[in-house]
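Q: Here are the chains, one letter per residue:
There are 2 protein chains.
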Amino acid sequence: MNKKPGCDVVFYEAFEEEELSLRKLLDTSVKCHYTWKTIQESGHVEPPADIVSIRTQSRIPSSWGSSLRAVITRSTGYDHILPFIESSPAQLLAAYLPEYAARAVAEQAMLLWTALLRKMPLQQSAMKTFSRDGLTGRELLGKTVCVVGVGRIGSQIAGIAKALDMQVIGVDIRSDKFPDITYCSIHDAVSQADIIVCAASLTESSKALLSYSTLKKVRPGTLLVNIARGEISPSEDLLKLIREGTLGGIGLDVYEFEDDLASVLRGGRELSSIEDIEQMNSVAATLELLQCPMVISLPHNAFNTAESLERKCLNTARNVLGFIKSGSFISPIPGRRCPRV
Amino acid sequence: MNKKPGCDVVFYEAFEEEELSLRKLLDTSVKCHYTWKTIQESGHVEPPADIVSIRTQSRIPSSWGSSLRAVITRSTGYDHILPFIESSPAQLLAAYLPEYAARAVAEQAMLLWTALLRKMPLQQSAMKTFSRDGLTGRELLGKTVCVVGVGRIGSQIAGIAKALDMQVIGVDIRSDKFPDITYCSIHDAVSQADIIVCAASLTESSKALLSYSTLKKVRPGTLLVNIARGEISPSEDLLKLIREGTLGGIGLDVYEFEDDLASVLRGGRELSSIEDIEQMNSVAATLELLQCPMVISLPHNAFNTAESLERKCLNTARNVLGFIKSGSFISPIPGRRCPRV
Chain A
1 MNKKPGCDVV
11 FYEAFEEEEL
21 SLRKLLDTSV
31 KCHYTWKTIQ
41 ESGHVEPPAD
51 IVSIRTQSRI
61 PSSWGSSLRA
71 VITRSTGYDH
81 ILPFIESSPA
91 QLLAAYLPEY
101 AARAVAEQAM
111 LLWTALLRKM
121 PLQQSAMKTF
131 SRDGLTGREL
141 LGKTVCVVGV
151 GRIGSQIAGI
161 AKALDMQVIG
171 VDIRSDKFPD
181 ITYCSIHDAV
191 SQADIIVCAA
201 SLTESSKALL
211 SYSTLKKVRP
221 GTLLVNIARG
231 EISPSEDLLK
241 LIREGTLGGI
251 GLDVYEFEDD
261 LASVLRGGRE
271 LSSIEDIEQM
281 NSVAATLELL
291 QCPMVISLPH
301 NAFNTAESLE
311 RKCLNTARNV
321 LGFIKSGSFI
331 SPIPGRRCPR
341 V
Chain B
342 MNKKPGCDVV
352 FYEAFEEEEL
362 SLRKLLDTSV
372 KCHYTWKTIQ
382 ESGHVEPPAD
392 IVSIRTQSRI
402 PSSWGSSLRA
412 VITRSTGYDH
422 ILPFIESSPA
432 QLLAAYLPEY
442 AARAVAEQAM
452 LLWTALLRKM
462 PLQQSAMKTF
472 SRDGLTGREL
482 LGKTVCVVGV
492 GRIGSQIAGI
502 AKALDMQVIG
512 VDIRSDKFPD
522 ITYCSIHDAV
532 SQADIIVCAA
542 SLTESSKALL
552 SYSTLKKVRP
562 GTLLVNIARG
572 EISPSEDLLK
582 LIREGTLGGI
592 GLDVYEFEDD
602 LASVLRGGRE
612 LSSIEDIEQM
622 NSVAATLELL
632 QCPMVISLPH
642 NAFNTAESLE
652 RKCLNTARNV
662 LGFIKSGSFI
672 SPIPGRRCPR
682 V
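Top to bottom, those sequences are chains A and B. Residue numbering for the first sequence follows the numbering used here, beginning at 1 and increasing consecutively. Residue numbering for the second sequence follows the numbering used here, beginning at 342 and increasing consecutively.
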């Protein structure tokens, strides 16, 4: 695909409500094109505009670095575009969306752990025969939540848990940011937890942090919720932990190799076509996890409330308009050169 | 069925975990028989023991009044056995279980409204194709919850909502019990609410209180949760309100004519065999409600946590043992004669 004549920005992975909101904010002054597909699903070989905007599932081809002027990831995490940025010429600018959805994500985490504590999937299927066997859940009151990664989102999760009269233990490299949180090591924390919530950014040190060897130390029946990045809790490890009863339930909003998983689930790709054997095994394990009765899986949708969508689209529009007007972003990715013209 | 020789108590509607716990507490001193069936499903024509214990779905035949010594309803509500008690001889004693599950029920209400606000059923089905269209939910923060019936359970619901930074409006005949709650009339309350939670006891004045004519005054998209009694929000009215979009979602743990619904769902009874036309239409409407994407239905399970089950079984055992030892209950139904011997 060649550049669309007169098109300034192509938005990949744009969902219905997001497109609607962005059109209202941008369409009078900027030429935009929207698609729900990833770059890979779109089959684009060359950049279709000077600016491209993705969410978390597109991989920007490294060959686009020389002809693109700017990229915007419409997400708070930007680990997925760092490899592309680092291999690109210094004049390419990159933006992300800081802190637009912390409360929305924290509330989705709370929804997942409450649904797991109350065996909601079993309650719902028991409704078919109005049966009550095996549906005894547990109350939130007094339970211990271990929050792994106490940043913007993790601190909101801790706040919600405390408001619900739960105990909170934090795990973070920095234990001085939130003085009212009790911190301890990951190993001590998981062994005391009723619920472990992963809210960490994906970095070299958090990758596979919630592995089989870490989580096998939990008390049997402990619940795990991940609303951060799937790569922190590898799918094959989770499958083993739930099958052997070490974990009593898993709530997932994010998945390891999520872009591959999404293409397989959308039917555009066969599992066997995933070349990398490690990735294929992980996606196969995720597909099995989705079938487990005590696994609740949501489609990377924790950010998606009307309130956060409004902030997100406004932030996106401000970045686009700022770049077009002045050649710089209002929320550039930290560490990346940000020239003012 | 004749009385079981040497059997002191028959427990109807006993689910797996409940039977297990009651056996531990009672089986050394009392002869008990347990069944998951209702009295009607058991086909018992005469009382099988001096004491029978039910939950909310059995109807005690009025003919049993003269030969039974005592009944225990293992529920906090006792509206369903009042007609039987009132038509029975004065020496028949009756017990219920006060306040064993207020927190458990309040937490199930919170689970239901959070799941509805976040369109959880749609999120879960969208996971099949990893789609995100139409999944934009709303945040709890700042939303207004109208609690109808501010008693033991309603006040816990209000407490949880406030802890989550939501606004609370109470509706109750008595507006002086909880001074930190703002009360107003049902009509003013429903028109301001984002979420209406029914936590009222079933009485003549609460029956069909949340009818079509009351609820048509809500703002379009308002959510309704009922964890109290189905008769307060008639199924045919709810079906109309969700179909026309007046209600945006409904979370139900209880159902109108729940005993009939349960027998139909368990396959023991045909819908068309329900003689009363009003009851048949209501059950038919409930069955249609269960198919609506934005209706979450749970099998009258709000009370069912490990914590409340422990309190419930302990209370039940204390009533049984108290009656056998001294001929009186520790938690008799208020207004019923309670002789001490």
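A few of these clues could be false.
[Claimed, not checked] Below, simulated DSS-like cross-link-like pairs (lysine-lysine); rule was C-alpha separation at most 27 Å, straight line: (1) B/K469 to A/K37; (2) A/K143 to B/K469; (3) B/K484 to B/K378; (4) A/K128 to A/K162; (5) B/K548 to B/K581; (6) A/K128 to B/K503; (7) B/K365 to B/K558; (8) A/K143 to B/K365; (9) B/K484 to A/K143; (10) A/K216 to A/K240; (11) B/K558 to A/K240; (12) A/K31 to A/K143; (13) A/K240 to A/K207; (14) B/K518 to B/K503; (15) A/K143 to A/K37; (16) B/K503 to B/K469; (17) B/K518 to B/K469; (18) B/K581 to B/K557; (19) B/K484 to B/K469; (20) B/K469 to A/K128; (21) B/K518 to B/K548; (22) B/K558 to B/K548; (23) A/K24 to B/K518; (24) B/K372 to B/K558; (25) B/K484 to A/K162; (26) B/K372 to B/K484; (27) A/K177 to A/K162; (28) A/K31 to A/K325; (29) A/K128 to B/K372; (30) A/K162 to B/K557; (31) A/K207 to A/K177; (32) A/K37 to A/K24.
Just so you know, the hints here were simulated from the structure itself, not pulled from any lab data.
Q: Look at each hint and say if it fits the structure.
A: Here is what the structure says about each hint:
1. Between the alpha carbons of B/K469 and A/K37 the distance comes to roughly 16 Å, so the proposed pair stays at or under 27 Å and holds.
2. A threshold of 27 Å between alpha carbons decides the hint, and for A/K143 with B/K469 the separation of about 32 Å lies outside it, so the pair is violated.
3. A C-alpha spacing of about 41 Å is found between B/K484 and B/K378, which places the hinted pair above 27 Å, so the restraint is violated.
4. For the hint pairing A/K128 with A/K162, the CA-to-CA distance comes to about 35 Å; that exceeds 27 Å, so the pair is violated.
5. Only pairs whose Cα atoms come within 27 Å are accepted, and B/K548 paired with B/K581 is accepted, the gap being roughly 18 Å.
6. For the proposed pair A/K128 and B/K503, the alpha carbon gap of about 34 Å is over 27 Å, so the pair is violated.
7. About 51 Å separates the Cα atoms of B/K365 and B/K558, which puts this hinted pair outside 27 Å; it is violated.
8. In summary, the hint linking A/K143 to B/K365 is supported, as the alpha carbons are separated by about 26 Å, within the 27 Å threshold.
9. Proposed proximity of B/K484 and A/K143 is supported: the alpha carbons are some 26 Å apart, at most 27 Å.
10. Simply put, A/K216 and A/K240 have alpha-carbon atoms about 10 Å apart, close enough for the 27 Å limit, and the pair holds.
11. Using a Cα cut-off of 27 Å, the hinted pair B/K558 and A/K240 is violated, with the two alpha carbons roughly 51 Å apart.
12. Between A/K31 and A/K143, the direct Cα distance comes to roughly 52 Å. Violation of the 27 Å bound is thereby established for this hinted pair.
13. With a C-alpha separation of about 18 Å, the suggested pairing of A/K240 with A/K207 holds against the 27 Å cut-off.
14. Restraint check for B/K518 and B/K503: satisfied, since their Cα atoms lie roughly 17 Å apart, inside the 27 Å limit.
15. Restraint check for A/K143 and A/K37: the C-alpha separation of about 41 Å exceeds 27 Å, so the hint is violated.
16. Note on B/K503 and B/K469: the hinted pairing is violated, with a Cα-Cα distance of about 35 Å set against a maximum of 27 Å.
17. This hinted pair does not check out: B/K518 and B/K469 have alpha carbons roughly 48 Å apart, beyond 27 Å.
18. For the hint pairing B/K581 with B/K557, the CA-to-CA distance comes to about 10 Å; that is within 27 Å, so the pair holds.
19. Proposed proximity of B/K484 and B/K469 is contradicted: the alpha carbons are some 30 Å apart, above 27 Å.
20. Taking the CA atoms of B/K469 and A/K128, the gap is near 21 Å; set against the 27 Å cutoff, the hint holds.
21. Using a Cα cut-off of 27 Å, the hinted pair B/K518 and B/K548 holds, with the two alpha carbons roughly 22 Å apart.
22. Between B/K558 and B/K548 the alpha-carbon distance is near 18 Å, which keeps this suggested pair within the 27 Å criterion.
23. Distance check on the hinted pair: A/K24 and B/K518 sit about 49 Å apart at the alpha-carbon level, beyond 27 Å; violated.
24. Proposed proximity of B/K372 and B/K558 is contradicted: the alpha carbons are some 54 Å apart, above 27 Å.
25. A C-alpha spacing of about 19 Å is found between B/K484 and A/K162, which places the hinted pair at or below 27 Å, so the restraint holds.
26. Distance restraint check for B/K372 and B/K484: the Cα-Cα separation of roughly 52 Å exceeds the 27 Å cut-off, and the hinted pair is therefore not satisfied.
27. About 17 Å separates the Cα atoms of A/K177 and A/K162, which keeps this hinted pair within 27 Å; it holds.
28. Taking the CA atoms of A/K31 and A/K325, the gap is about 14 Å. The hint holds against a cut of 27 Å.
29. With a C-alpha separation of about 33 Å, the suggested pairing of A/K128 with B/K372 is violated against the 27 Å cut-off.
30. For the given pair, A/K162 sits about 37 Å from B/K557 by alpha-carbon distance, which is inconsistent with the 27 Å threshold.
31. Taken as a hint, the A/K207 and A/K177 pair is honoured in the structure, with Cα atoms around 22 Å apart against an allowance of 27 Å.
32. The suggested pairing of A/K37 with A/K24 holds, with an alpha-carbon distance near 21 Å, which does not exceed 27 Å.
Of the numbered hints listed earlier, those contradicted by the structure are 2, 3, 4, 6, 7, 11, 12, 15, 16, 17, 19, 23, 24, 26, 29, 30.
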